[in-house]
Amino acid sequence: GQQVQQSPASLVLQEGENAELQCNFSTSLNSMQWFYQRPGGSLVSLFYNPSGTKQSGRLTSTTVIKERRSSLHISSSQTTDSGTYLCAMENSGGSNAKLTFGKGTKLSVKS
Amino acid sequence: GPKVLQIPSHQIIDMGQMVTLNCDPVSNHLYFYWYKQILGQQMEFLVNFYNGKVMEKSKLFKDQFSVERPDGSYFTLKIQPTALEDSAVYFCASSLEGVDTQYFGPGTRLLVL
Chain A
-3 GQQVQQSPAS LVLQEGENAE LQCNFSTSLN SMQWFYQRPG GSLVSLFYNP
47 SGTKQSGRLT STTVIKERRS SLHISSSQTT DSGTYLCAME NSGGSNAKLT
97 FGKGTKLSVK S
Chain B
144 GPKVLQIPSH QIIDMGQMVT LNCDPVSNHL YFYWYKQILG QQMEFLVNFY
194 NGKVMEKSKL FKDQFSVERP DGSYFTLKIQ PTALEDSAVY FCASSLEGVD
244 TQYFGPGTRL LVL
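Line by line, the protein sequences are chains A and B.
Letter 84 of the first sequence, counting from 1, is numbered 80 in the working numbering, and no numbers are missing.
Letter 39 of the second sequence, counting from 1, is numbered 182 in the working numbering, and no numbers are missing.
Treat the hints as calculated values from the structure; they're not laboratory data.
C-beta: ideal position from N, C-alpha, C; glycine also.
Hints are all accurate, no fakes.
Stretch by stretch, here's where chain B covers chain A in the computed footprint (C-beta under 8 Å, at least three residues): (1) 17 to 30; (2) 82 to 88; (3) 94 to 107.
Every beta carbon over 10 Å from chain B, so not counted as near; a handful from chain A, in silico: (4) Ser6; (5) Leu9; (6) Asn14; (7) Gly48; (8) Gly53; (9) Thr58; (10) Ile61; (11) Lys62; (12) Ser67; (13) His69; (14) Ser71; (15) Ser72; (16) Thr75; (17) Thr76; (18) Asp77.
Okay, chain A solo, but in the shape it has when bound:
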């Protein structure tokens, strides 16, 4: 089964609304990362967040390792936030990381 489950699969917002994206992991993990994938395909790292809460501008990521979940909160959404948000976990158990990705949440923000 899927090791990384993202929800919702897609989300449509009006500009100014907030969004909460979820990521659940079926196994224990060492760390996790949130990415934004632009419509053209390139990836931008948003957060490396093994545990706790991190904030950057309008984005907040919270990871609860014991509960095997992480969330990404987007406040006051803008049309430029549209794209796909990916979460990925690292659980190799060694020092050599490999990321396992979820299928993504496709966000569309309308003006």
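Dock chain B against the given chain A, drawing on the hints supplied.
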């Protein structure tokens, strides 16, 4: 943030030919990765590389695939020979430590005809 570059951005080749994808990782990074994303599908890990060696590879990393980083130059993914199912976007990534933030390049879009 730190930049990873990939060359070329697009490549179209005939099935059976060889292709080399080039990655210029972040300058002080030590760990390098390749991932594959078929259009509309999930990003999947192919291989990681450290200290001149493949550390781990997935089942997607077929015998026709190889990676190297000769003399600290480009980190390359070579496919020889290519197959139709190799058509995908290939992303290179690098990190300073093994379990650390991975920075991704913009991808190389490979189309095998």
